Amino acid sequence: MRTLLLLTALGAALRAAAFCGFYVAKADASLFNDRSEVILVRDGQRSIITMSNDFQGNVRDFAMVVPVPVLLRQQDIRIVERRVFDQLDAYGAPRLVEYYDDNPCHPPVMYESMSEMDMTTSTSMRSMARQEREAKNLGVTIEARYAVGEYDILILSATESTGLKQWLLQNGYKVPDSAHEVLDPYIKSNLKFFVVKVDLDRLTQTGSTLLRPIQIRFESPKFMLPIRLGMANSKGSQDMIVHAFTRTGRVECVNYRTTKVPTDRNVPLFIKNGFGAFYKDLFARAHRREGQNTVFLEYAWNVTPSFNGMKCDPCVGPPPMPREFAEAGVDWGGFNGGGAIFYTRMHVRYSRDKFPQDLVFQVTPNTEHFQARYVLTHPATGDLSCAEGQEYLEGLYYRRQRELQEMNALAGWDMAKRQYYVNEVRDRLAPERRNGLDVTAVPDGGDDGPPAPPRLPIALLWAAGLMLLALIGSALLGAARPKLA
Amino acid sequence: MHHLLISPITFLKRDARHFQIIFLATFLLYGIMALQWDAEWQRYALLFCTCLAVQASFIRWKGLPWHSLKSAAVTGLGMSLLLKAGSPYTLVFGAAVAIASKFLLRVKGRHVFNPGNLGIAAAVLLTGDAWVSPGQWGSGATLVFLVGAAGCMVVLRVGRIDTSLAFLATFALLDYARNVLYLGWGADVWMHRMSNGSLLLFTFFMITDPMTTPRSNKARIAWSMGIAFLAFVLSTRFWINATPIWALLVFCALNPVLDHLFNGRAFHWIAPLPPMPLQPTNEQTISRP
Numbered sequence: 000m001r002t003l004l005l006l007t008a009l010g011a012a013l014r015a016a017a018f019c020g021f022y023v024a025k026a027d028a029s030l031f032n033d034r035s036e037v038i039l040v041r042d043g044q045r046s047i048i049t050m051s052n053d054f055q056g057n058v059r060d061f062a063m064v065v066p067v068p069v070l071l072r073q074q075d076i077r078i079v080e081r082r083v084f085d086q087l088d089a090y091g092a093p094r095l096v097e098y099y100d101d102n103p104c105h106p107p108v109m110y111e112s113m114s115e116m117d118m119t120t121s122t123s124m125r126s127m128a129r130q131e132r133e134a135k136n137l138g139v140t141i142e143a144r145y146a147v148g149e150y151d152i153l154i155l156s157a158t159e160s161t162g163l164k165q166w167l168l169q170n171g172y173k174v175p176d177s178a179h180e181v182l183d184p185y186i187k188s189n190l191k192f193f194v195v196k197v198d199l200d201r202l203t204q205t206g207s208t209l210l211r212p213i214q215i216r217f218e219s220p221k222f223m224l225p226i227r228l229g230m231a232n233s234k235g236s237q238d239m240i241v242h243a244f245t246r247t248g249r250v251e252c253v254n255y256r257t258t259k260v261p262t263d264r265n266v267p268l269f270i271k272n273g274f275g276a277f278y279k280d281l282f283a284r285a286h287r288r289e290g291q292n293t294v295f296l297e298y299a300w301n302v303t304p305s306f307n308g309m310k311c312d313p314c315v316g317p318p319p320m321p322r323e324f325a326e327a328g329v330d331w332g333g334f335n336g337g338g339a340i341f342y343t344r345m346h347v348r349y350s351r352d353k354f355p356q357d358l359v360f361q362v363t364p365n366t367e368h369f370q371a372r373y374v375l376t377h378p379a380t381g382d383l384s385c386a387e388g389q390e391y392l393e394g395l396y397y398r399r400q401r402e403l404q405e406m407n408a409l410a411g412w413d414m415a416k417r418q419y420y421v422n423e424v425r426d427r428l429a430p431e432r433r434n435g436l437d438v439t440a441v442p443d444g445g446d447d448g449p450p451a452p453p454r455l456p457i458a459l460l461w462a463a464g465l466m467l468l469a470l471i472g473s474a475l476l477g478a479a480r481p482k483l484a
Numbered sequence: 000m001h002h003l004l005i006s007p008i009t010f011l012k013r014d015a016r017h018f019q020i021i022f023l024a025t026f027l028l029y030g031i032m033a034l035q036w037d038a039e040w041q042r043y044a045l046l047f048c049t050c051l052a053v054q055a056s057f058i059r060w061k062g063l064p065w066h067s068l069k070s071a072a073v074t075g076l077g078m079s080l081l082l083k084a085g086s087p088y089t090l091v092f093g094a095a096v097a098i099a100s101k102f103l104l105r106v107k108g109r110h111v112f113n114p115g116n117l118g119i120a121a122a123v124l125l126t127g128d129a130w131v132s133p134g135q136w137g138s139g140a141t142l143v144f145l146v147g148a149a150g151c152m153v154v155l156r157v158g159r160i161d162t163s164l165a166f167l168a169t170f171a172l173l174d175y176a177r178n179v180l181y182l183g184w185g186a187d188v189w190m191h192r193m194s195n196g197s198l199l200l201f202t203f204f205m206i207t208d209p210m211t212t213p214r215s216n217k218a219r220i221a222w223s224m225g226i227a228f229l230a231f232v233l234s235t236r237f238w239i240n241a242t243p244i245w246a247l248l249v250f251c252a253l254n255p256v257l258d259h260l261f262n263g264r265a266f267h268w269i270a271p272l273p274p275m276p277l278q279p280t281n282e283q284t285i286s287r288p
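Keeping their order, the protein sequence lines are chains A and B. All letters in the first sequence, in the order written, are residues 0 to 484 by numbering that gives the first Met the number 0. All letters in the second sequence, in the order written, are residues 0 to 288 by numbering that gives the first Met the number 0.
Okay, chain A solo, but in the shape it has when bound (with noise of 0.2 Å):
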C-alpha cells in the first residue's frame, strides 16, 4: 500500500512539471515547479536550447521569463514538438534489467529483456490566452516582439530592476518580492529577457491543446543556465532533466559538482512494480549524501547515428535518430557522418540555499559512457527439490537478504516489513536446510524512505581534518622542542 502511494506520489510529480527556474507566475496561477526539462546542444561558442513546457493551468495564465545573453532574432526561436523530449526521456533515462536463473536440476534457458521506468509525461490545457498590453517605459526597452507558433514573444531589456519589475506587474505578471536580487545581476550583465505568453486565437489554429517546447538559439561564450530566476519564488526544491549535446565527450557543471547516480546494483524482483518510487527515493537519497549541490549524471553515451558500437545496455527506448537530432537542435551529424553526438543526460535537485550560482557547463572530451541501471535477477523455476536444487536455494536466501540490504541502503526502504521476499525462498527449502541458515543475517527493520545520513564524505572530512591537526601539532611540538647545537 505504501508502495502504491509512493508511485502515484511520484506520477503527481513529474506532471506537475514546469521548466523549473525560468517560470514567473502570472496572475495568481499556483504553477511552481517540481520538474523541468532542458535540451543543450553546444556546438563551439553556439546554445541551442529548447526548454519543455509542461504547463498545467490555464495557458492564459502561462508566462515564462528566461535571461538570455544576446538579442534573439526571429529565425533564432522555434516551436519543437514535444515528442523529442519523450523519447530522449524514454531512452536515457535510468533503467532496470531483468536476468533469469537457470534451474541447476534442468536444462538451461537464457534470456534476458528489460523495463522502462515510466517517466511519461502528459499535459493537458486548454482555455484563453490574454492580450498583450503595451509597456509604459520604465527603463525597459521592447527590443522587439515576434510571433511563434503558439506564442508572443518580447525580447526585453532594461536598465534597472525596479522598471523590470514594475513593468511586469503591470502586465500582469506576478513578480516574488525577491526578483530584483536575481534581475539587477542579469540587468548589468547585459543579459536581454524573453518573455513568453500564449496567443490563445494562434494556439486554436494549431488544433492542439498543448503548449510546444519552445527551442532558441544564439552564439555565446557562456554556456549556462539560469536557475537563480526560478527560485526566486520557490522556497522549495525544484528539479531539472538536462539533456545535453555536445560534439565531443560529456558535459559537465563548472561551479558544482557532477557525479553519477549509483548504478550496477542488484536489488529486489518487487522493485519492478514501483520502480519510479524507488527511483525517486534513491535520487533523494543520493542528493542527501552528496550535500544536496551536485548535479547528478544519469546517462552518458556515444549516440552518432554511424557510431557502430552498442547504442545502450540495455536500450529502454530507441536511440535518437537523425529526425530526432534535427528536432533536437542538433545540427550536425547523421548517417552519412557529418560528425560525432555525444548525449549526456544530467539531473539536478536545485534549491536556494544549495545553489548560489547559475548552473555553469563545459563539454568535455570525455567519452566514456554511463548508464543508471539496475538488475533484477528472478529465481529459476521448476521443481528444485534436487540436492543441486537445494544448494541454488540456500543461495537465492542469502542473495535476496544483499538485494534487500541494497535496497535499503540505496532508497531507505524498509527490510522488516519486506521479509517475506526472503521467507519465500525458506519456505521452499527442505526442513533441515532451513534450520541451518545464518539467522544473523535476518536484517532489523529500518527507515522506510529517503532521509538518508550524509555518510562517507563527512567522516573522510574528518579524518582527513584529524590528521591535519596531528600534524600541526606534531609540528609545533617539534617546533617547541629545544635544539641541540
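To be clear, the hints were calculated from the coordinates, so they are not data collected in a lab. Because the structure is a prediction, the values reported are computed rather than measured. All C-beta atoms in this analysis are idealised placements derived from N, C-alpha and C, irrespective of residue type, glycine included. You can take every hint at face value.
Simulated DEER-style distance windows between Cβ atoms:
{"no.": "1", "chain 1": "A", "residue 1": "Q73", "chain 2": "B", "residue 2": "R105", "range": "54 to 60 Å"}
{"no.": "2", "chain 1": "B", "residue 1": "G185", "chain 2": "A", "residue 2": "Y98", "range": "47 to 53 Å"}
{"no.": "3", "chain 1": "B", "residue 1": "L172", "chain 2": "A", "residue 2": "A325", "range": "45 to 51 Å"}
Part of the chain A face toward chain B, derived, beta carbon under 8 Å:
{"no.": "4", "residue": "P184"}
{"no.": "5", "residue": "K187"}
{"no.": "6", "residue": "P220"}
{"no.": "7", "residue": "E251"}
{"no.": "8", "residue": "C252"}
{"no.": "9", "residue": "V253"}
{"no.": "10", "residue": "N254"}
{"no.": "11", "residue": "Y255"}
{"no.": "12", "residue": "K259"}
{"no.": "13", "residue": "P355"}
{"no.": "14", "residue": "Q356"}
{"no.": "15", "residue": "P364"}
{"no.": "16", "residue": "N365"}
{"no.": "17", "residue": "E367"}
{"no.": "18", "residue": "L467"}
Could you slot chain B onto chain A? The hints should help.
Leaving out everything else, chain B in the frame of chain A:
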C-alpha cells in the same frame, strides 16, 4: 649514527615537500574515495609513475641528487588532482612534458614553467583529449579550512605565503567588486565562487612552487596579483574555465623577462612615493649658477 635516529617529525620537517606529498595524497584519496572521481586509480598511478620515471632518467643523465624525485612526486600528485584525460597516453604525455620541461626549458639556470601547470596545459591544448574539472571538488567552508590549513603549513615552510595571499586576495577582491558590488549578487554567490576547491588547491599548491616564482618578494607579489587579474579577466570577459591555470602559464612564460625587468625596476619603484623632504628649495637656489 646520530642521523639515523632522527624522529619522524624531524624527518618530515627537513623538507617541505614531505608535507606537500602527504597533503596532496590525502586530497587525492579523498577525491577518489569520497567524491567518486571518474577515473580508476590505475590512471593516477600511471601519471605519478611517469613523473617519477622521467625525473629518474634526467637524474641519471645529468647526475643530479636523487632527492629531486620528491619534486616529481609533488608534480605527479598535483597533476592527478587537476588533470583528466580520455586516454592514459594523454596522461603519460602530460606528465612527461611536465617533468622534461624542468630540464629542457631553462633560462639562466632556472626552469621557466611550473611543471605541473605546463603538463596540464600541454595535455589540454595539444591533445584535445584532456580537460580540467573545476567543479570536481565542489565548494564549501570545510574545504576552505582543510585546504587552507594544509596549504598554509606548506607555503609558510617554503616562504611563499605572500604569493598565495596576494593571489587569493586580489582574485577575491576583484570578484567581490564585480559580482557583489557591481552586479549585485548576494555575498553567498561570492562565497561559493571563492570556496571552490580547485581554486584553493591552485592557490596553495600550484602557484607557490618556489622554483618558478620570481625571486624578489615585491616582484613575486606583483606577479601573483597579475595572475589573479588575468585569471579574473579571462573568466569574466571571455567566460573561460579554470582560468588561473592559463594565467599562470602566461606569467611563467614571461618569467625570465619579467624577473629581469621587475628586479631592475624594483629598485626604481621602491620609492614611488613622493620624496618627503621638499625643503631644500634653498639649496636648489643656492646651487643654481
